Amino acid sequence: MSWATWDQAAIAAGLSIVCFLALRLLRPGRVRDALMPAFYEFALISALYSLWRLARQLPLTHTDGALQRARDIDDVQQLLHLPTEISMQHFVVAHDPLAAVVNDYYATLHVPGLIVFMVWMFVRHREAYPHWRNGLAGLTAFCLVIRFVRVAPPRFIEELGFLDLSDKHGFDVYGDVGSGVSDQFAAMPSIHVGWAAVVALGVFTVSTSRWRWVVVLHLPLTIFVVAATGHHWWLDGFVAIGLLWVSLRVDTAVRTRFARQREPVLAG
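Note that numbering that gives the first Met the number 0 gives residue 141 to position 142 of the sequence shown, counting from 1, and the numbers run on in steps of one.
These are calculated hints, taken from the structure and not from any lab test. Being a predicted model, the structure only gives us computed values, none of them experimental. A virtual CB, placed ideally from N, CA and C, is assigned to each residue, including glycine. Treat the hints with care, since some could be wrong.
To be verified - Pair by pair, the computed Cβ-Cβ distance ranges are: (1) Arg-261 x Ala-99: 37 to 47 Å; (2) Leu-53 x Glu-262: 36 to 46 Å; (3) Leu-159 x Arg-261: 22 to 32 Å; (4) Trp-210 x Gln-7: 25 to 35 Å; (5) Thr-62 x Val-115: 46 to 56 Å; (6) Glu-158 x Ala-33: 40 to 50 Å; (7) Glu-262 x Pro-82: 45 to 55 Å.
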(Lines of atoms letter the chains of each structure in order from A and count residues from 1; the text may use other names and numbers.)
(Lines give C-alpha, C1' and ligand atoms only; values in the text may rest on other atoms or scores of the structure.)
Protein backbone atom coordinates (compact mmCIF):
# COMPACT_ATOMS: atom_id res chain seq x y z
CA MET A 1 0.00 0.00 0.00
CA SER A 2 1.36 3.40 -0.99
CA TRP A 3 1.04 6.34 1.40
CA ALA A 4 1.49 10.04 0.66
CA THR A 5 5.12 11.11 0.18
CA TRP A 6 6.77 13.82 2.22
CA ASP A 7 6.53 16.38 -0.58
CA GLN A 8 2.85 15.63 -1.18
CA ALA A 9 2.19 16.14 2.52
CA ALA A 10 4.20 19.38 2.49
CA ILE A 11 2.13 20.68 -0.44
CA ALA A 12 -1.07 19.74 1.40
CA ALA A 13 0.16 21.61 4.47
CA GLY A 14 0.98 24.69 2.38
CA LEU A 15 -2.41 24.70 0.67
CA SER A 16 -4.14 24.33 4.03
CA ILE A 17 -2.26 27.34 5.39
CA VAL A 18 -3.28 29.39 2.35
CA CYS A 19 -6.92 28.40 2.87
CA PHE A 20 -6.67 29.24 6.57
CA LEU A 21 -5.25 32.69 5.86
CA ALA A 22 -7.86 33.33 3.17
CA LEU A 23 -10.67 32.45 5.58
CA ARG A 24 -9.33 34.96 8.09
CA LEU A 25 -10.13 37.71 5.61
CA LEU A 26 -13.80 36.77 5.55
CA ARG A 27 -16.45 37.93 7.95
CA PRO A 28 -17.15 35.66 10.92
CA GLY A 29 -19.77 33.04 10.20
CA ARG A 30 -20.65 29.42 10.85
CA VAL A 31 -18.84 28.09 7.79
CA ARG A 32 -15.74 30.22 8.37
CA ASP A 33 -15.59 29.38 12.07
CA ALA A 34 -15.91 25.65 11.32
CA LEU A 35 -13.35 25.52 8.51
CA MET A 36 -10.59 27.64 10.04
CA PRO A 37 -9.63 25.22 12.85
CA ALA A 38 -10.00 22.29 10.44
CA PHE A 39 -7.54 23.81 7.95
CA TYR A 40 -5.19 24.77 10.79
CA GLU A 41 -5.11 21.23 12.18
CA PHE A 42 -4.80 19.64 8.74
CA ALA A 43 -1.83 21.91 7.99
CA LEU A 44 -0.20 20.96 11.29
CA ILE A 45 -0.77 17.21 10.91
CA SER A 46 0.36 17.27 7.26
CA ALA A 47 3.54 19.14 8.21
CA LEU A 48 4.30 16.64 10.99
CA TYR A 49 3.63 13.74 8.63
CA SER A 50 5.95 15.29 6.05
CA LEU A 51 8.74 15.57 8.64
CA TRP A 52 8.12 11.97 9.71
CA ARG A 53 8.41 10.69 6.14
CA LEU A 54 11.57 12.72 5.59
CA ALA A 55 13.13 11.32 8.76
CA ARG A 56 12.15 7.77 7.79
CA GLN A 57 13.99 8.19 4.50
CA LEU A 58 17.33 8.80 6.17
CA PRO A 59 19.75 6.24 4.68
CA LEU A 60 20.21 4.16 7.83
CA THR A 61 21.53 1.07 6.09
CA HIS A 62 24.02 0.09 8.80
CA THR A 63 23.05 -2.76 11.09
CA ASP A 64 25.89 -2.54 13.60
CA GLY A 65 24.86 -4.28 16.80
CA ALA A 66 21.26 -4.76 15.68
CA LEU A 67 21.29 -8.56 15.88
CA GLN A 68 23.04 -8.64 19.25
CA ARG A 69 20.62 -6.09 20.72
CA ALA A 70 17.76 -8.26 19.49
CA ARG A 71 19.25 -11.30 21.20
CA ASP A 72 19.69 -9.24 24.37
CA ILE A 73 16.00 -8.32 24.27
CA ASP A 74 15.13 -11.99 23.83
CA ASP A 75 17.26 -12.84 26.89
CA VAL A 76 15.47 -10.19 28.97
CA GLN A 77 12.08 -11.50 27.87
CA GLN A 78 13.08 -15.02 28.88
CA LEU A 79 14.10 -13.73 32.31
CA LEU A 80 10.63 -12.15 32.56
CA HIS A 81 9.06 -15.47 31.49
CA LEU A 82 7.21 -13.84 28.60
CA PRO A 83 5.80 -16.22 25.97
CA THR A 84 8.01 -16.47 22.90
CA GLU A 85 6.98 -14.66 19.73
CA ILE A 86 7.55 -17.81 17.68
CA SER A 87 4.83 -19.60 19.67
CA MET A 88 2.40 -16.92 18.48
CA GLN A 89 3.47 -17.44 14.88
CA HIS A 90 3.18 -21.22 15.16
CA PHE A 91 -0.41 -20.73 16.30
CA VAL A 92 -1.42 -18.53 13.33
CA VAL A 93 0.54 -20.56 10.77
CA ALA A 94 -1.37 -23.64 11.91
CA HIS A 95 -4.53 -21.80 10.82
CA ASP A 96 -3.66 -20.38 7.40
CA PRO A 97 -6.68 -18.02 7.03
CA LEU A 98 -5.80 -16.52 10.41
CA ALA A 99 -2.20 -16.03 9.27
CA ALA A 100 -3.43 -14.09 6.23
CA VAL A 101 -5.67 -11.91 8.40
CA VAL A 102 -2.84 -11.25 10.86
CA ASN A 103 -0.48 -10.22 8.07
CA ASP A 104 -3.07 -7.91 6.48
CA TYR A 105 -3.90 -6.41 9.89
CA TYR A 106 -0.24 -5.55 10.42
CA ALA A 107 0.18 -4.09 6.93
CA THR A 108 -2.94 -1.98 6.56
CA LEU A 109 -4.82 -0.96 9.71
CA HIS A 110 -2.42 1.11 11.81
CA VAL A 111 -2.46 4.26 9.65
CA PRO A 112 -6.16 4.30 8.58
CA GLY A 113 -7.19 3.54 12.16
CA LEU A 114 -5.13 6.48 13.41
CA ILE A 115 -6.58 8.82 10.77
CA VAL A 116 -10.15 7.85 11.61
CA PHE A 117 -9.40 8.35 15.32
CA MET A 118 -7.91 11.81 14.80
CA VAL A 119 -10.84 12.97 12.66
CA TRP A 120 -13.35 11.55 15.15
CA MET A 121 -11.55 13.14 18.08
CA PHE A 122 -11.38 16.53 16.33
CA VAL A 123 -15.07 16.48 15.40
CA ARG A 124 -16.59 14.91 18.50
CA HIS A 125 -14.16 15.72 21.33
CA ARG A 126 -12.45 18.96 20.36
CA GLU A 127 -11.46 19.79 23.94
CA ALA A 128 -9.47 16.55 24.31
CA TYR A 129 -8.06 16.52 20.79
CA PRO A 130 -4.92 18.67 21.39
CA HIS A 131 -3.83 16.48 24.29
CA TRP A 132 -3.91 13.29 22.24
CA ARG A 133 -2.48 14.98 19.14
CA ASN A 134 0.48 16.19 21.19
CA GLY A 135 0.85 12.76 22.78
CA LEU A 136 0.94 11.20 19.32
CA ALA A 137 3.52 13.73 18.13
CA GLY A 138 5.73 13.14 21.18
CA LEU A 139 5.54 9.37 20.83
CA THR A 140 6.40 9.49 17.12
CA ALA A 141 9.32 11.84 17.80
CA PHE A 142 10.67 9.42 20.42
CA CYS A 143 10.43 6.56 17.90
CA LEU A 144 12.31 8.55 15.25
CA VAL A 145 15.16 9.31 17.65
CA ILE A 146 15.43 5.81 19.11
CA ARG A 147 15.60 4.23 15.64
CA PHE A 148 19.21 5.43 15.42
CA VAL A 149 19.96 2.63 17.91
CA ARG A 150 19.53 -0.27 15.53
CA VAL A 151 17.52 -3.27 16.73
CA ALA A 152 16.60 -6.26 14.57
CA PRO A 153 13.11 -7.79 14.68
CA PRO A 154 12.62 -11.38 15.88
CA ARG A 155 12.30 -12.74 12.32
CA PHE A 156 15.92 -11.74 11.63
CA ILE A 157 17.26 -14.03 14.37
CA GLU A 158 17.81 -17.21 12.38
CA GLU A 159 17.77 -19.60 15.32
CA LEU A 160 14.18 -18.62 16.13
CA GLY A 161 12.89 -19.97 12.81
CA PHE A 162 10.28 -17.36 11.86
CA LEU A 163 8.47 -17.45 8.52
CA ASP A 164 7.99 -14.29 6.47
CA LEU A 165 4.20 -14.06 6.45
CA SER A 166 4.22 -11.15 3.99
CA ASP A 167 6.06 -13.31 1.45
CA LYS A 168 3.93 -16.36 2.19
CA HIS A 169 0.67 -14.47 1.61
CA GLY A 170 1.79 -12.12 -1.14
CA PHE A 171 1.44 -8.89 0.84
CA ASP A 172 4.92 -7.38 0.97
CA VAL A 173 5.30 -5.04 3.93
CA TYR A 174 8.95 -4.02 3.62
CA GLY A 175 11.41 -3.38 0.84
CA ASP A 176 15.20 -3.42 1.07
CA VAL A 177 16.87 -2.40 4.32
CA GLY A 178 17.10 1.40 4.55
CA SER A 179 14.45 2.03 1.88
CA GLY A 180 10.70 2.46 1.80
CA VAL A 181 8.33 3.95 4.33
CA SER A 182 9.38 1.52 7.07
CA ASP A 183 12.75 0.54 8.51
CA GLN A 184 13.34 -3.14 9.20
CA PHE A 185 16.06 -2.46 11.77
CA ALA A 186 13.97 -0.01 13.83
CA ALA A 187 12.07 -2.65 15.76
CA MET A 188 12.46 -0.82 19.08
CA PRO A 189 10.04 0.74 19.88
CA SER A 190 7.04 -0.50 17.90
CA ILE A 191 5.27 2.41 16.27
CA HIS A 192 2.46 0.02 15.35
CA VAL A 193 1.78 -0.64 19.03
CA GLY A 194 2.31 3.01 19.97
CA TRP A 195 -0.22 4.28 17.44
CA ALA A 196 -2.65 1.51 18.41
CA ALA A 197 -2.32 2.68 22.03
CA VAL A 198 -3.18 6.24 20.97
CA VAL A 199 -6.36 5.02 19.27
CA ALA A 200 -7.46 2.49 21.90
CA LEU A 201 -6.66 4.51 25.01
CA GLY A 202 -7.80 7.79 23.46
CA VAL A 203 -11.23 6.41 22.62
CA PHE A 204 -11.54 4.66 25.96
CA THR A 205 -10.63 7.85 27.84
CA VAL A 206 -13.00 10.29 26.14
CA SER A 207 -15.93 8.12 25.09
CA THR A 208 -18.77 6.82 27.25
CA SER A 209 -20.17 4.53 24.55
CA ARG A 210 -20.21 0.78 25.07
CA TRP A 211 -18.40 0.52 21.71
CA ARG A 212 -15.25 1.86 23.37
CA TRP A 213 -14.68 -1.65 24.74
CA VAL A 214 -14.51 -2.91 21.14
CA VAL A 215 -12.07 -0.19 20.09
CA VAL A 216 -9.79 -0.83 23.05
CA LEU A 217 -9.24 -4.36 21.73
CA HIS A 218 -7.24 -2.76 18.91
CA LEU A 219 -4.28 -2.47 21.30
CA PRO A 220 -3.98 -6.11 22.48
CA LEU A 221 -4.77 -7.31 18.95
CA THR A 222 -1.94 -5.19 17.56
CA ILE A 223 0.45 -6.47 20.23
CA PHE A 224 -0.47 -10.03 19.25
CA VAL A 225 -0.17 -9.27 15.52
CA VAL A 226 3.30 -7.69 15.70
CA ALA A 227 4.54 -10.68 17.68
CA ALA A 228 2.90 -13.32 15.49
CA THR A 229 4.33 -11.78 12.31
CA GLY A 230 7.81 -11.66 13.84
CA HIS A 231 8.14 -7.92 13.23
CA HIS A 232 8.50 -6.89 16.88
CA TRP A 233 9.47 -8.13 20.30
CA TRP A 234 7.02 -7.86 23.18
CA LEU A 235 9.26 -5.23 24.77
CA ASP A 236 9.10 -3.12 21.60
CA GLY A 237 5.39 -2.64 22.23
CA PHE A 238 5.69 -2.14 25.98
CA VAL A 239 8.31 0.57 25.48
CA ALA A 240 6.10 2.32 22.91
CA ILE A 241 3.18 2.39 25.37
CA GLY A 242 5.52 3.78 28.02
CA LEU A 243 6.70 6.52 25.67
CA LEU A 244 3.09 7.48 24.95
CA TRP A 245 2.48 7.77 28.69
CA VAL A 246 5.55 10.01 29.03
CA SER A 247 4.42 12.18 26.09
CA LEU A 248 0.94 12.63 27.56
CA ARG A 249 2.36 13.44 30.98
CA VAL A 250 4.69 16.04 29.50
CA ASP A 251 1.80 17.64 27.61
CA THR A 252 -0.26 17.77 30.80
CA ALA A 253 2.63 19.30 32.75
CA VAL A 254 3.27 21.95 30.08
CA ARG A 255 -0.42 22.85 29.89
CA THR A 256 -0.64 23.12 33.67
CA ARG A 257 2.39 25.36 33.85
CA PHE A 258 1.12 27.72 31.15
CA ALA A 259 -2.28 27.83 32.85
CA ARG A 260 -0.65 28.86 36.13
CA GLN A 261 1.39 31.54 34.37
CA ARG A 262 -1.77 33.00 32.87
CA GLU A 263 -3.63 33.12 36.19
CA PRO A 264 -1.91 36.30 37.52
CA VAL A 265 -2.51 38.04 34.21
CA LEU A 266 -6.21 37.14 34.25
CA ALA A 267 -6.48 38.14 37.94
CA GLY A 268 -4.92 41.50 37.19
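- Query: Should the hint that Glu-158 and Ala-33 are 40 to 50 Å apart at their CB atoms be regarded as holding?
  - Reply: 57 Å, violated
Do the Cβ positions of Leu-159 and Arg-261 conform to the proposed distance bound of 22 to 32 Å?
-> The hint (22 to 32 Å, Cβ to Cβ) is violated, given that Leu-159 and Arg-261 are roughly 54 Å apart.
Quiz item: When you take the CB atoms of Leu-53 and Glu-262, is the distance between them in 36 to 46 Å?
Solution: 39 Å, holds
Consistency of beta-carbon spacing, Val-115 to Thr-62, with hint 46 to 56 Å: 35 Å, violated
Item to check | Satisfaction of the hinted span 45 to 55 Å by the C-beta atoms belonging to Glu-262 and Pro-82 | outcome: 51 Å, holds
inquiry  = Taking the Cβ atom of Trp-210 and the Cβ atom of Gln-7, is their distance within the range 25 to 35 Å?
reply    = About 33 Å separates the Cβ atoms of Trp-210 and Gln-7, which means 25 to 35 Å holds.
task = Could you check the hint for me, namely that Arg-261 and Ala-99 are 37 to 47 Å apart, CB to CB?
result = 54 Å, violated
Checked against the numbered hints given earlier, this structure breaks hints 1, 3, 5 and 6; the rest are met.
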